[in-house]
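J.: Here's the letter readout for the chains.
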Amino acid sequence: AQTVTQSQPEMSVQEAETVTLSCTYDTSESDYYLFWYKQPPSRQMILVIRQEAYKQQNATENRFSVNFQKAAKSFSLKISDSQLGDAAMYFCAYANWRDMRFGAGTRLTVKP
Amino acid sequence: GAVVSQHPSRVICKSGTSVKIECRSLDFQATTMFWYRQFPKQSLMLMATSNEGSKATYEQGVEKDKFLINHASLTLSTLTVTSAHPEDSSFYICSARFRGPMGYYGYTFGSGTRLTVV
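Chains P and U are the protein sequences, given in the same order.
The opening position of the first sequence corresponds to residue 45 in the numbering used here, with each subsequent residue numbered one higher.
The opening position of the second sequence corresponds to residue 50 in the numbering used here, with each subsequent residue numbered one higher.
Pulled out of the complex, with its shape left as it was, chain U reads as follows (with noise of 0.2 angstroms):
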């Protein structure tokens, strides 16, 4: 089946520095890349998604100027948080979509990423 590998699963980070979450498809082409956020045992809110080679779209309120989003490749997407502060502690998720063998949309989501800001 479709495995998309997030990394890392945690990071510690000063405040003020920069974090990048790596998510890639190992087995398929992700042609669209959807980046979630959840606080503790909330929901996941959808921050952006990204079409790969394109610019990502964010949801309003996101700062697309701190979540950096980068889709160069139909196997990789990143997201980079600048100049991280402890607000921005919080869990992350990438999902993949990707089009089935009967032309259905599939979804497979990464395992995570706990991001601590100290």
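Excised from the complex, chain P in its bound form (with noise of 0.2 angstroms):
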């Protein structure tokens, strides 16, 4: 079965500042998903980007990007400008034709 592996329990990062999350996995599947997930107290799991493996052009939205490393197996986030409100845990997740899994997460604080 698939894995995917944080190795971050714990991140701190300054408002304003940037901060980048990291994620591998380990698969011999060419056809896949990869998720950052951002789940708040609410534990609504809350969609921030999201990679097609085929795509070699890095994910972004707005203050969130991704450097993905295919070879490497490596998917991490990079979140700029940090606000009060990307305090939560992030989950990575990998997903292909069979199921979604996840990461252990890494939980993010984010100090004004």
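Hint data in this document are derived by calculation from the structure and do not stem from the laboratory.
Positions of the beta carbon are idealized from the N, C-alpha and C atoms, including for glycine.
A few of these clues could be false.
Said to hold, decoys possible - A short list of chain U residues far from chain P (calculated; beta carbon distances all over 12 angstroms):
1) HIS56
2) SER64
3) LEU75
4) TYR85
5) MET94
6) GLY102
7) THR106
8) SER138
9) ARG163
Unchecked claim - With a straight-line cut-off of 25 angstroms between C-alpha atoms, the simulated DSS-like cross-links for lysine-lysine are:
10) LYS114/P to LYS99/P
11) LYS104/U to LYS122/P
12) LYS69/U to LYS155/P
Said to hold, decoys possible - Examples of chain U residues toward chain P, derived with CB under 7 angstroms:
13) CYS62
14) SER92
15) LEU93
16) LEU95
17) THR98
18) SER160
19) GLY161
Both chains are sitting in their own frames, so use the hints and assemble them into the complex.
T.: Written out as structure tokens, the structure is:
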């Protein structure tokens, strides 16, 4: 089964600064999707950004961007101009035709 | 956008009783539904995958007789926790997969159900 690894249980960033969350995954497939989800205290899963494996260009969504390194099986999330509302749990997820699996998560704290 | 309605949001039940959780896709057809369990401060653990009209595929270690999943239609999937015990207390989340207009897969999550067994 595919595995997703987030090696940073907790991260902290100063408001307006930039932070990068790490994610690696293991797969033998060539066709898959990668996601970053935000989970606030309400526990609603909020899609931050997605990347299709066949696309070489890194996905961006406003202040959020990814560094997708397919050969290295790495998928990091960069949050620019961090805001207090960015504080939450962030989960990296891998999905293929079969299912979607998540990493252990990174708790992001934003300091004012 | 694609919306999944999950009910109930919270439920408290007595040990030994059964609880049903529903996930309904409101404006799209969910060909596949994933059910996850999340303990406090932990990640989402996949319990089972269900395809409309087929039996669910359970992850290793998940008791299929305890966690009954039904996906009888393209808009409704249910998870029934049978003979619930305190250790079944957890947060349960469903996720529906659908095909987007360009043929890609889209995923949308329910708001979750907090189950407490007393």
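J.: Please confirm whether HIS56/U is truly not at the interface, meaning its C-beta sits more than 12 angstroms away from all C-beta atoms of chain P.
T.: holds, 14 angstroms
J.: Please check whether GLY161/U passes as an interface residue: C-beta within 7 angstroms of a C-beta belonging to chain P.
T.: holds, 5 angstroms
J.: With d taken as the least Cβ-Cβ distance between SER138/U and chain P, does d exceed 12 angstroms?
T.: With a cut-off of 12 angstroms, SER138/U remains clear of chain P, as the shortest Cβ separation is near 15 angstroms.
J.: Should the hint that CYS62/U touches chain P count as held when the rule is a Cβ pair under 7 angstroms?
T.: Nearest chain P Cβ about 20 angstroms off; hint violated.
J.: Hey, is MET94/U genuinely clear of chain P, shortest beta carbon separation above 12 angstroms?
T.: violated, 8 angstroms
J.: Can you verify the interface hint for THR98/U: is its Cβ closer than 7 angstroms to any Cβ in chain P?
T.: holds, 5 angstroms
J.: Does LYS155/P sit within 25 angstroms of LYS69/U, going by the straight-line distance between their CA atoms?
T.: Distance of about 41 angstroms is beyond 25 angstroms: violated.
J.: Looking at TYR85/U again, its CB stays over 12 angstroms from all of chain P?
T.: Incorrect as stated: the minimum Cβ-Cβ distance to chain P is 8 angstroms, not above 12 angstroms.
J.: Measure nothing beyond the straight line between the CA atoms of LYS104/U and LYS122/P; if it is 25 angstroms or shorter, mark the hint as holding.
T.: violated, 40 angstroms
J.: Say whether it holds or is violated: THR106/U keeps its Cβ farther than 12 angstroms from all Cβ of chain P.
T.: The claim breaks: THR106/U does not keep its Cβ more than 12 angstroms from every Cβ of chain P (closest is about 9 angstroms).
J.: Grab the minimum C-beta distance from LEU93/U to chain P and call the hint holds if it beats 7 angstroms, violated otherwise.
T.: It holds, given that the least Cβ distance between LEU93/U and chain P is near 5 angstroms, below 7 angstroms.
J.: Is the Cβ of ARG163/U farther than 12 angstroms from every Cβ of chain P?
T.: violated, 8 angstroms
Hint compliance for this structure: hints 4, 5, 7, 9, 11, 12, 13 are broken, all remaining hints hold.
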